[in-house]
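Just so we're aligned: 15 in my numbering is position 15 of the sequence shown, and the numbers increase by one with no gaps anywhere.
Just to be clear, a hint being listed does not mean it is correct.
Straight-line Cα separation of at most 25 Å, PhoX-like style, residue types lysine-lysine; simulated pairs [to be verified]:
hint, residue 1, residue 2
1, Lys318, Lys426
2, Lys418, Lys304
3, Lys384, Lys418
None of these hints come from the bench; they were simulated from the model.
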Amino acid sequence: MKLKFFLSTFILSSMVFAADPMFDQQWGLKNNGQKIFRAEGEIRREEVVGTSGIDIDWPGIEELRKLEKGREVIVAVIDSGIDMNHADLTDRVFVGKDFLENGEMKDDTGHGTHVAGIIAANVDGSGVQGVTPNSVKILPLKVLSKDTNGFVYKGRVITDIIADALAFAVESNVDVINMSLGWPKLVNTPKIVRALDVAAERGIVLVAAAGNNNKDVPTWPCAHPAVICVGAIDNQGHISEFSNHGGKVDLVAPGEWIVSTHPKAMESRTLRVQGYEAKNGSSQAAPFVSAAAALLKLQDPSLKANEIKAKLYASAKKLVTDKDQRFVRFGALSIREALKQDKNTFASVLVKDLVTVDITDEGKFTFDLPLEVFGQPEKDITVKIDGVNASVEVVDNKKIIVSGELIDLNVDSEIPVKFTVEVDGKKTSTPITLSFARKLKRNDLIETQIDGIPVNALASINGSRKLSRVGMVSVESKPSSDFHGYIQGKSGDKIRVISIRANAGDEKAKLSDVTLEDHHQLLAVFERDIN
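Start from the sequences, fold in the hints, and give me the full structure.
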């Protein structure tokens with residue numbers, strides 16, 4: 001597919017400008033100890049003094065222009081559209097597509113324009129500057145707007161809309177796709193899964209925001225094995241208080257008080273500068289990584305997606321110690337180090353699909369995990385696990401089988417462990433929190449049919465309070481797919497688990513009731529987070 005520019009073909013890279021006037025506020029590019037502002041309640045803002053050097057190790061635009069070799073690298077930004085007339089995005093934006101109404105690309109939330117500016121705002125002596133030089137272009141694909149209601153837009157599930165945008169990006173031969181958005185497994189339809197699969201098969205680098213729930217839980221599209229999942233850090237190098245984290249998050253990048261482009265027609269409520277705004281979120285962190293992937297492709301157009309991922313992962317910086325012991329899979333983005341990386345073999349355990357581990361009444365467990373291997377190992381891969389009594393078997397350098405036993409069944413069911421993978425003399429450690437759960441037996445459930453009551457109308461009682469919605473939790477024991485959630489209540493030494501069986505929108509709900517003796521033996525009950 002041949003793409004068209006929306007704006008003129010004025011070549012900015014042939015001109016020399018002083019640093020853009022707002023560059024000093026862009027601590028993500030160059031952290032000199034700048035202060036940022038963090039909201040405290042509805043009114044107050046706290047000043048946070050930065051730590052010098054906590055940034056993306058940006059080489060600077062003049063150094064990056066040396067990578068330009070006459071080839072353009074295209075980053076698709078699947079988001080809320082873009083301000084096509086923004087001066088700081090001149091000549092950086094292809095004519096994209098609106099997948100909501102097949103209309104104009106107007107950005108009525110400001111989100112997509114902000115993301116695009118982080119990647120590609122011009123160094124032109126005004127406003128802000130993006131990570132990349134002029135050879136990196138943006139293809140905006142609009143899938144969200146202010147009228148998006150939860151995960152639905154005018155009766156259409158947003159994941160089906162996003163799937164259409166992914167297909168368009170594949171057809172357009174883009175190099176990188178940035179998805180500063182997310183959805184729960186509830187709407188992770190076969191169509192969107194297939195669209196992600198196809199994009200990965202075509203060798204496109206996929207980058208997504210980890211989410212802003214301060215959880216160690218899988219979210220989509222981050223949970224897709226081909227996606228680089230990106231969380232946020234502050235200007236002191238700590239994982240942001242809002243950012244998702246854990247072994248399912250691959251990298252972190254700056255995500256607090258990120259100053260970037262904003263639609264000129266919209267009010268700048270935080271920064272108070274027309275056309276620019278400061279925003280927080282893993283949505284702001286993801287485009288830094290997308291920009292890094294684009295730079296690697298600019299440096300070496302022959303690089304495959306897995307080779308780009310390997311360079312980003314192998315070059316990640318160690319995180320600042322977290323007071324809450326939060327972590328991510330590899331560390332913080334370092335563009336300078338990524339550009340120095342050779343095409344070395346790299347391997348790591350892939351833990352994105354692992355939610356809980358079933359245990360027997362005796363505390364024994366067995367589970368397997370895929371190995372993510374980049375390059376051709378010269379020797380067999382070795383893997384060891386620390387933190388739990390278990391052995392690891394490596395199968396054909398493709399997966400591992402972990403077998404072990406919990407000695408004390410009364411300990412916390414969430415246990416931090418670390419996998420260390422060694423390949424061709426290079427070791428990579430992957431931390432993860434393993435959650436163990438006894439398996440509920442389906443034949444122990446007592447079913448009661450409730451006719452004519454929508455699932456979302458069910459309520460729970462807590463003392464004298466009637467809650468507006470059933471408390472959704474899940475006993476993670478791989479129940480059959482027709483069981484969508486649980487509510488639970490406790491009485492004395494017993495715990496009551498009620499499973500709701502119904503599809504979204506059903507007018508009937510079927511409840512299954514089971515009482516477990518000695519509730520402390522129920523090792524894991526997890527709250528479902530659909531954000």
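Comparing the hints with the structure gives:
About 16 Å separates the Cα atoms of Lys318 and Lys426, which keeps this hinted pair within 25 Å; it holds. A hinted pair counts as satisfied when its Cα atoms are at most 25 Å apart, and Lys418 with Lys304 does not qualify at roughly 28 Å. For the given pair, Lys384 sits about 8 Å from Lys418 by alpha-carbon distance, which is consistent with the 25 Å threshold.
The earlier numbered hint that this structure contradicts is number 2, and it is the only one.
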